[in-house]
Amino acid sequence: MAQASSVRSVSDLDTVVDSDVHLTERQSDIIPYIEEPFDEMLTRSKGEDYGYLSNLYPTPGFLTPVTTGKVQSDTVRSADDVRRGMEMLDTDRVVLTPTQNLYLSCVHHDDLAAALASAYNEYFLDTYVDPDDGLYGPIIVAPQKPHRAAEEIDDHADEDGIIAAFIPSGGVHPPLGDSQYDPIYEAAESAGLPVMMHNAAGTMMKNFPQQFNGLNRYLSAHVPSHAMQHMVNLASMITQGVPVKYPDLEFVIQEAGIGWIPYFAKRFDAEYSGKREDAPMLEQSPSEYLDDQFYFTSQPLEGSDDPAYVEHMIRLFGGGENLMFSSDYPHLDFDHSDELLGMLRGKFSDEEIANVYGETALSVYDF
Amino acid sequence: MASANSPDATRHHVVSTDELESTDRVIAEIQGREIAVFDVDGEYYAVANYCVHQGGPACEGLLSGTVSMSDEMELTYDREDEIVACPWHGWEFDVKTGKHLARSNYALPTYDVVVEDGEIYVEL
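Heads up: the protein sequence lines correspond to chains C and A, in order. Here the first sequence is numbered in the working numbering, starting from 1 and rising by one per residue. Here the second sequence is numbered in the working numbering, starting from 1 and rising by one per residue.
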């Protein structure tokens, strides 16, 4: 269904919202904001830390193209750094997400994890948020302490520039359908904020430790990691009825590309047909909940050497209504804003393209 | 130096061999295109500084060797200074041929190089 499109580049669009731009924050950036008792505990260390004991976030130790110098990523540790990225990608609004704190759910000490989330949020509000310039972002929460997470959402939901609640969903255990997380969903729903879920490749070291140990390479870990962790959490959430319990809550599922979405939806429906007793709360099929309450960000767009593949996948999950452009700038697999557009032009209507590049985001996030 | 010397091609001066020897590459703008000239052991190669993947400045990245597997199934490192990696996503290209190392259907455009009296010219 080829259609004449007047959209030649992102500059032809009224609004371009980038649903995933990462800070490259350091632990040392947020420690100055941490509250007691950790402020005292974390500022008096002297002597040798043996090379790792100061690191509160576990690292997977991947040998990556960044490690070897083959990728030279930009730094994003100030609002001006963000603006430079926006200029490069020609975007109007960005949803700013963490990098180091993608590993927040892997922090070993649960109260410390909650304190780090609070500290990050203060640092974030202090350093980046600027609605006049299009700089927005979520409150992040530590799922290790759901009640603290809910308080964090309550405390910050009304602040300018806060448009969502963010669960670093990689490494989370048990998976996110467990009722222990209900306070988070309840708080987000009553605050009118969508819940963003974002994994990191290395967070599989916590929730898939045997697979992580057996893979031995960054490539073989990175290929399955993002979609795999999302599928486990979404299978848990939908089976346990999270979208039924919180019908006004919307979810933004990030950074796993596109092809797994129709596969997961079709497989879920097929399985549900014979196993309904495992999900008695559901009032409609799993794919209908995915259609109604779940949104997906585009990067990393697989198959850009095969435009027919990209078109079919996006059509199969109704992407004209629930796909949102994201760049993932400045990470090593970021997508330039033109990449997806080149796939959509001539195949999707101007309205659908406008949705993917901003209109859907304007309706989902609490701008 | 290989040179198809198409009758329509125009020579564009880029740099002297002496100057290029003191650095690892020179990137020049020629007819609106950014073109990098590399010196690999006294042989010169011209490659487009525009990544076929997403348009990154491919020839501004790390110039290095790359990892291979020996017949004995051990990791080795070779082709030192022959491989440039696009700084955006790390795609590796052979500066002698422009070819992408991972998937051979991708390649950076290459250009003919002529050396005369110690001066390096690119033809296009």
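The hints are simulated quantities; they were obtained by calculation from the structure and are not laboratory data. This one's a predicted model, so the numbers in the text were calculated from it and none came from an experiment. By construction, the Cβ of each residue, glycine as well, lies at the ideal position given by its N, Cα and C atoms. It is possible that part of the hints are untrue.
[As the list claims (entries may be wrong)] Derived Cβ-Cβ restraints for the label pairs, each shown as a range: (1) Pro307(C) - Met73(A): 55 to 61 angstroms; (2) Asp41(A) - Asp291(C): 43 to 49 angstroms; (3) Arg33(A) - Gly274(C): 56 to 62 angstroms; (4) Met88(C) - Arg33(A): 51 to 57 angstroms; (5) Gly65(A) - Asp278(C): 49 to 55 angstroms.
[Claimed, not checked] Computed footprint of chain A on chain C, listed as stretches where at least three residues anywhere in the stretch have a Cβ under 8 angstroms from a Cβ of chain A: (6) 120-126; (7) 328-335.
Verification of the hints:
1. In this structure the supplied range 55 to 61 angstroms is violated for proline 307(C) paired with methionine 73(A), their Cβ-Cβ distance being about 38 angstroms.
2. Distance hint check for aspartate 41(A) and aspartate 291(C): the Cβ-Cβ separation is about 59 angstroms, which falls outside the suggested range of 43 to 49 angstroms.
3. For arginine 33(A) and glycine 274(C), the hinted distance range of 56 to 62 angstroms is satisfied, since their beta carbons lie about 60 angstroms from each other.
4. Range check, methionine 88(C) to arginine 33(A): Cβ separation about 20 angstroms, and the 51 to 57 angstroms hint is violated.
5. For glycine 65(A) and aspartate 278(C), the Cβ-Cβ distance of about 54 angstroms falls inside the hinted range of 49 to 55 angstroms, so the restraint holds.
6. With 0 residues bearing a CB less than 8 angstroms from a CB of chain A, the region 120-126 of chain C misses the requirement of three and the coverage assertion fails.
7. Counting residues of the region 328-335 of chain C whose beta-carbon sits less than 8 angstroms from any beta-carbon of chain A gives 4, enough to reach three: the coverage restraint holds.
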